[in-house]
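Chemist: In order, the protein sequences belong to chains A and B.
First residue of the first sequence: 1, per the UniProt record's numbering; consecutive thereafter.
First residue of the second sequence: 1, per the UniProt record's numbering; consecutive thereafter.
For the record, the hints were derived by calculation from the structure and aren't laboratory data.
Please read all numbers here as calculations on a predicted model, not as lab measurements.
Idealized CB from N, CA, C, for every residue including glycine.
One or more hints might be untrue.
[To be verified] Just so you have them, the derived chain B footprint on chain A, three or more residues with Cβ under 8 Å: (1) 126-135; (2) 171-181; (3) 256-265; (4) 363-374.
[Stated by the list, open to error] Have a look at the derived ranges for each label pair, beta carbon to beta carbon: (5) S179(B) - S139(A): 35 to 45 Å; (6) S179(A) - S179(B): 51 to 61 Å; (7) D203(B) - T365(A): 21 to 31 Å.
One letter stands for each residue in the lines below.
There are 2 protein chains.
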Amino acid sequence: MAGLLHRRLRLRTALRWMSPLSTASPPAVVRTLPPGFSSSLLQTPRPGSCGVRCRELHAGEERPAPSPAAAPERRPFSRVTPEDLAFFSKIIPGRTITDPDILEASNVDWLKSVRGFSEVLLRPQSTEEVSHILGYCNSRNLAVSPQGGNTGLVGGSVPVYDEIILSTALMNNVINFDSVSGILSCQAGCVLESLSLYLEDRDYIMPLDLGAKGSCHIGGNVATNAGGLRLLRYGSLRGTVLGLEVLADGRVLDCLATLRKDNTGYDLKQLFIGSEGTLGVITAVTILCPRKAKAVNVAFLGCESFEQLLQTFQLCRGMLGEILSAFEFLDRECMRLLNTHLKLANPITDCPFYIVIETSGSNPTHDEEKLHKFLEEAMTSSQVIDGTVATEEAKIKALWSLRERVTEALTHDGFTYKYDISLPVERIYQLVTDMREHLGNRAKSVVGYGHVGDGNLHLNITSPTKDPDLLASIEPFVYEWTARFQGSISAEHGLGLKKRNYIYYSKANLAVALMGNIKTMLDPKGILNPYKTLPDNLQ
Amino acid sequence: MAGLLHRRLRLRTALRWMSPLSTASPPAVVRTLPPGFSSSLLQTPRPGSCGVRCRELHAGEERPAPSPAAAPERRPFSRVTPEDLAFFSKIIPGRTITDPDILEASNVDWLKSVRGFSEVLLRPQSTEEVSHILGYCNSRNLAVSPQGGNTGLVGGSVPVYDEIILSTALMNNVINFDSVSGILSCQAGCVLESLSLYLEDRDYIMPLDLGAKGSCHIGGNVATNAGGLRLLRYGSLRGTVLGLEVLADGRVLDCLATLRKDNTGYDLKQLFIGSEGTLGVITAVTILCPRKAKAVNVAFLGCESFEQLLQTFQLCRGMLGEILSAFEFLDRECMRLLNTHLKLANPITDCPFYIVIETSGSNPTHDEEKLHKFLEEAMTSSQVIDGTVATEEAKIKALWSLRERVTEALTHDGFTYKYDISLPVERIYQLVTDMREHLGNRAKSVVGYGHVGDGNLHLNITSPTKDPDLLASIEPFVYEWTARFQGSISAEHGLGLKKRNYIYYSKANLAVALMGNIKTMLDPKGILNPYKTLPDNLQ
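Next comes chain A alone, as it looks inside the complex (with noise of 0.2 Å):
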């Protein structure tokens, strides 16, 4: 295939350019502070004169007053007391951690760019464990923030006063994985990259793969409906999560089936995929795993216009058809932040477009055939301008990170200002030209990528410092021209704390009242990971 690639793309190795070698993992936390991140957020912070330390410093900081960002005040919960910590050290001996240093971490979101003020961390490593804490935590109406790997990017994944940290890190074993079925059971806390290594010695890998997997949970994964890079291929985890064990008030919600097919009455796990542990704390998951391909291909590729990468994608899938895993852009931007702040090389030619697509065959001849006469009549019909193909692993996870690490990037560049908007295919990039052309020269870099496949847009705007005028004009504007071709205001990262008041631009008047509805029937006390997901009139 390579000599008959060679007649119309220059084809490269991907390792050649490529350096240091790219993982697809984010970095771990980075103590230093991105430009433009007051250092004061991350000191220790005092107590605030209602007697606790204070979510409004930072919230007035994040977003100007009246921003629908800002947290709303300090809910009437319970403080923890001495008897409280005595209890949870008896339920989860050496497991109940109050030590600011270790707490810190797990106080501040990846992207540093929220805080909370927990002064307790709990570790428990069973469902039972769980149980007793919730119901705990439920008599004595103490908050609680649940917390997987700490990846998430709204600001739902931390405390925003003093809610108790209940962290799954230590629920982190296989339960069972069934070859036959391919089906995985496993606890919450489980990281989804081991899960994928465990699943790849026997032949079968994880139904959804992100930038995050070296730190995110799986239990973080269903609790967000965490989208990422292999949905086109494997569809959401509202299909591929088949069971789900979940607490709320201390009693275990037991749906952890492991079947593909149950209409036995509502399907209650739905309820929670996608809650952001604002309804219940997901203890374990089943999963329904594809095969491991035989074969994998990834092409990275050029295209002068948007348009052009639109009819690529649409040659792509009549071609490349059952064997398509993934259709993935960046713009030039992206391209050049990720040469300037993490040194990698572009592989082909400078474009204003770039695409990653991947293949995952069982047969790796046939597979071959079809990419080969796909990128043929790309070329032909001169959609496409330069690509490279990577057949592999290591070449693959070169040419992969071109993407996965955008993210990375981005957070050398500035403060960055965050959007995951999803919307018909063909509008997904205009929101990037408006956007330009509405902020001129007001931001540093206006930049677009994400997944083409699912219609999901990464919009990111960065600046030198935080800067609230910047903001100003970016939203609402953001939000209205999503809404006015109908699109979802976030598409995969959830609502967090930093998007919940934007809820009415993707949502109706009622559809918002019913989930108010729905929290207080499974949490009426409102416990449960407060302030986020639902709009402040909600809370």
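Assemble the complex: chain A is given as a structure, and chain B must be docked to it using the hints.
Modeler: For chain B alone, coordinates are given in the frame of chain A:
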């Protein structure tokens, strides 16, 4: 490929042995009664002493009291008055039906196993009309039985007493189809087969297919979370349904998104998928449709044992991989019924087990090569002892009819007790064997068929006439057996009227109680499809 196959398989033309040519649709509602079904049940009932044509008459016949399937007492809903009829006639002139002859078909289910005594059938054409009707029914406390194509198998689609029948039959317009994304928006009353034909012209297919496609409505499919023949490849409706428009108390809950990804709050539409009309009436659906395959092949194979069938399934998944679109089975007893009652001939050697394998792919040559290699391997290893392959559409349909018409053949064999069970795939036929042994010669036929790929067995037991003693031998044996292996007592048919009280075999008490809370929240007066899905203690 044919030449290669001839070496190992006796390849035959599928049409030669098939008479009459099968259709994939279920038969039209048959007016003659199946054996063992008392004709008195279908006569116009006399008003009972309670002043309403009374369900108990039939319930007593259908299940001996105190069988859990017997309908509970009529709840104190209002009765339809002349004033109500005048109101409906004003909203939907000419579409408020009270003619008993027309009502008959809507009062009796497809299997003629249950009947209601409704005196009003409403046929709205728009969401607005449904809104008016439901708002009125809520205010008047009038019970409503929503009805699609009335092809359900658990008595969920017909009234139990005098509930108003709300039919979606005239809500059958396609709203929009986006040929770039493959997203279809349509009204709930579109017939599945009509949608399939509409999409085929546009090079797409529906993500679901089932025997009842000629009659069933997409709204009913979604309301019952229908599974069917393509679930193995395209996943469940929980992944492919992108949006719903639903009404309960007259207010329109608009969740009719046309986006692949949307994480703004709880996914409310999931509550209505599979709720069998008990939480709301679905009026419109958006659904993600796969591209039409350029090549489809069907193989009909025979195995000596269920173990060999399972080995064939594993081999097939590995070798056909991404082009495998169905793996179905039927047993020798099913074939006997097809021969006897429908005069369908067996195209291969008599075997204990038969498999239908379908491949769908984008490259005919590649697909044939994969299929051939698989068949050669399966024959060499003696997993498969005979088989035939079809690539032409008519022959493919004929082979498929051997699987799809088993249900129809059963209706001619006698009174049929139907069970739709999910189990770990290696267990599914053990239930049939154990049931045969358990029943001895008390049953006429005990047959097993279904969706191997999904771990879904259709266990059917016939008897010359309705036989309470036989029923008492089957139940709760079948449910206890299923529960012992953590199976589901309804994989895809739902619970409806017939199975509602068996929910506890598959769901924990806490889960069922929560379902009751959801019902109360969404339908506080309980007017929507009463006596269905939830057990009597929560009605």
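Chemist: All hints are to be evaluated individually against the structure, with a verdict given for each.
Modeler: Hint check:
no. : hint                          : verdict
1   : 126-135                       : violated (count 0)
2   : 171-181                       : holds (count 3)
3   : 256-265                       : holds (count 9)
4   : 363-374                       : holds (count 4)
5   : S179(B) - S139(A): 35 to 45 Å : 56 Å, violated
6   : S179(A) - S179(B): 51 to 61 Å : 40 Å, violated
7   : D203(B) - T365(A): 21 to 31 Å : 26 Å, holds
When the structure is compared with the earlier hints, violations turn up for hints 1, 5, 6 and for no others.
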